[in-house]
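> Sequence:
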Amino acid sequence: MFTIYYGALRNVMVFGETGRVLSAVVDERKDRRIGTVGVGRPRDPQVDDAILTAARELLAEQGYQKTTITAIARRAQLGTAAIYRRWATKESIIEDAVFGMQDAALPATTSNLREDMQAWTRWFLARVAEPATRAAIPGLLSAYHQEDGAYEQLVRRSEDPARLALAERVRVEFPERSDAEIASTADVAFDILVATTIVRGLTSGLADGDAFCARTADALVLLVTSTGTEISRNRDQPAMRG
Numbered sequence: 001m002f003t004i005y006y007g008a009l010r011n012v013m014v015f016g017e018t019g020r021v022l023s024a025v026v027d028e029r030k031d032r033r034i035g036t037v038g039v040g041r042p043r044d045p046q047v048d049d050a051i052l053t054a055a056r057e058l059l060a061e062q063g064y065q066k067t068t069i070t071a072i073a074r075r076a077q078l079g080t081a082a083i084y085r086r087w088a089t090k091e092s093i094i095e096d097a098v099f100g101m102q103d104a105a106l107p108a109t110t111s112n113l114r115e116d117m118q119a120w121t122r123w124f125l126a127r128v129a130e131p132a133t134r135a136a137i138p139g140l141l142s143a144y145h146q147e148d149g150a151y152e153q154l155v156r157r158s159e160d161p162a163r164l165a166l167a168e169r170v171r172v173e174f175p176e177r178s179d180a181e182i183a184s185t186a187d188v189a190f191d192i193l194v195a196t197t198i199v200r201g202l203t204s205g206l207a208d209g210d211a212f213c214a215r216t217a218d219a220l221v222l223l224v225t226s227t228g229t230e231i232s233r234n235r236d237q238p239a240m241r242g
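Numbering (the working numbering), first residue to last: 1 to 242.
In case anyone wonders, no lab produced these hints; they're calculated from the structure.
Every value quoted in this text rests on a predicted model; they were computed, and no experiment measured them.
Heads up, a few of these hints could be off.
[What the hints assert, rightly or not] Cross-link-like lysine to any residue pairs, in silico, SDA-like; alpha carbons within 20 Å at most: (1) Lys-66 / Tyr-84; (2) Lys-66 / Lys-90; (3) Lys-90 / Thr-70; (4) Lys-90 / Ala-71; (5) Lys-66 / Pro-175; (6) Lys-90 / Ser-111; (7) Lys-66 / Ala-143; (8) Lys-90 / Ala-108; (9) Lys-90 / Gly-100; (10) Lys-90 / Ala-132; (11) Lys-66 / Asp-96; (12) Lys-90 / Leu-113; (13) Lys-66 / Arg-134; (14) Lys-66 / Thr-80; (15) Lys-90 / Trp-123; (16) Lys-90 / Arg-134; (17) Lys-90 / Glu-57; (18) Lys-90 / Ala-119; (19) Lys-66 / Leu-113; (20) Lys-66 / Asp-44; (21) Lys-66 / Leu-78; (22) Lys-66 / Gly-139.
Using the sequences and the hints given, assemble the complete structure.
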């Protein structure tokens, strides 16, 4: 989404960095997104859905380069003006089409940490392995190099709800830990989860997915469990004197 990630992938993968408060100022004149109130008659949600569905279909069938605004309009049986009233660029449409998480239901929490980590891994892998997402990521990464703030904005929109949810799951499992311990553990676990599923999803899709999810869940449980122990051990050790 996930120590491959902490180097080069950290700044080019779609799902983001650890422990940063991300902010991006969106200029409505350049980038009108879903939920933005524009001048004129109210927007029809069915038109929004038709545009996003058309974008996903074209990405899966024809790839990023051929998913143009004109092609999206033609597939959705709309004029291009209807699209430009909502989005100013192809990249902003594709972001909403493949990474919009407003309505995405995160995995439900159970009493079994390993099962939850496996469910989270499967959930992330399935999203990345979708044909539309696999087609979109390389094109968006290229576009981000030329548009300041686009990467940070996408991270904030797509990552934050899931990152907070994972932190809450760690809190449920280890209620005795401090907020700082929980945040540190959850951030590391989340970044690894996202990095591994992105790499796996882009390169192998869902092939051998069950075994991959099981191995990743085992690693995440070990990380989440041992990190708190290591933090406590280091905290209780006397400071080294020079």
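> Indicate, hint by hint, whether the structure satisfies it.
Outcome of the hint check:
About 18 Å separates the Cα atoms of Lys-66 and Tyr-84, which keeps this hinted pair within 20 Å; it holds. For the given pair, Lys-66 sits about 11 Å from Lys-90 by alpha-carbon distance, which is consistent with the 20 Å threshold. Taking the CA atoms of Lys-90 and Thr-70, the gap is near 10 Å; set against the 20 Å cutoff, the hint holds. With a C-alpha separation of about 11 Å, the suggested pairing of Lys-90 with Ala-71 holds against the 20 Å cut-off.
For a cut-off of 20 Å, the pair hint linking Lys-66 to Pro-175 is broken: about 50 Å separates their Cα positions. With a C-alpha separation of about 43 Å, the suggested pairing of Lys-90 with Ser-111 is violated against the 20 Å cut-off. The straight-line distance between the Cα atoms of Lys-66 and Ala-143 is roughly 15 Å, inside the 20 Å bound, and the hint therefore holds. Among the hinted pairs, Lys-90 with Ala-108 is inconsistent with the structure: their alpha-carbon atoms are about 33 Å apart, more than 20 Å.
Simply put, Lys-90 and Gly-100 have alpha-carbon atoms about 15 Å apart, close enough for the 20 Å limit, and the pair holds. For the given pair, Lys-90 sits about 14 Å from Ala-132 by alpha-carbon distance, which is consistent with the 20 Å threshold. As the CA atoms of Lys-66 and Asp-96 are separated by approximately 17 Å, the hinted pair is consistent with the 20 Å bound. For the suggested pair Lys-90 and Leu-113, the alpha carbons sit about 40 Å apart, so the restraint of at most 20 Å is broken.
In summary, the hint linking Lys-66 to Arg-134 is supported, as the alpha carbons are separated by about 14 Å, within the 20 Å threshold. Of the pairs offered as hints, the one joining Lys-66 and Thr-80 holds, with about 16 Å between alpha carbons and a cut-off of 20 Å not exceeded. The straight-line distance between the Cα atoms of Lys-90 and Trp-123 is roughly 26 Å, outside the 20 Å bound, and the hint therefore fails. Simply put, Lys-90 and Arg-134 have alpha-carbon atoms about 16 Å apart, close enough for the 20 Å limit, and the pair holds.
Taking the CA atoms of Lys-90 and Glu-57, the gap is about 14 Å. The hint holds against a cut of 20 Å. A hinted pair counts as satisfied when its Cα atoms are at most 20 Å apart, and Lys-90 with Ala-119 does not qualify at roughly 32 Å. Between Lys-66 and Leu-113 the alpha-carbon distance is near 43 Å, which puts this suggested pair outside the 20 Å criterion. A hinted pair counts as satisfied when its Cα atoms are at most 20 Å apart, and Lys-66 with Asp-44 does not qualify at roughly 26 Å.
Pair hint Lys-66 plus Leu-78 holds up; C-alpha atoms about 17 Å apart against a cutoff of 20 Å. The hinted pair formed by Lys-66 and Gly-139 meets the criterion: a straight-line CA distance of about 11 Å does not exceed 20 Å.
Hint check: violations occur at hints 5, 6, 8, 12, 15, 18, 19 and 20; the rest are consistent with the structure.
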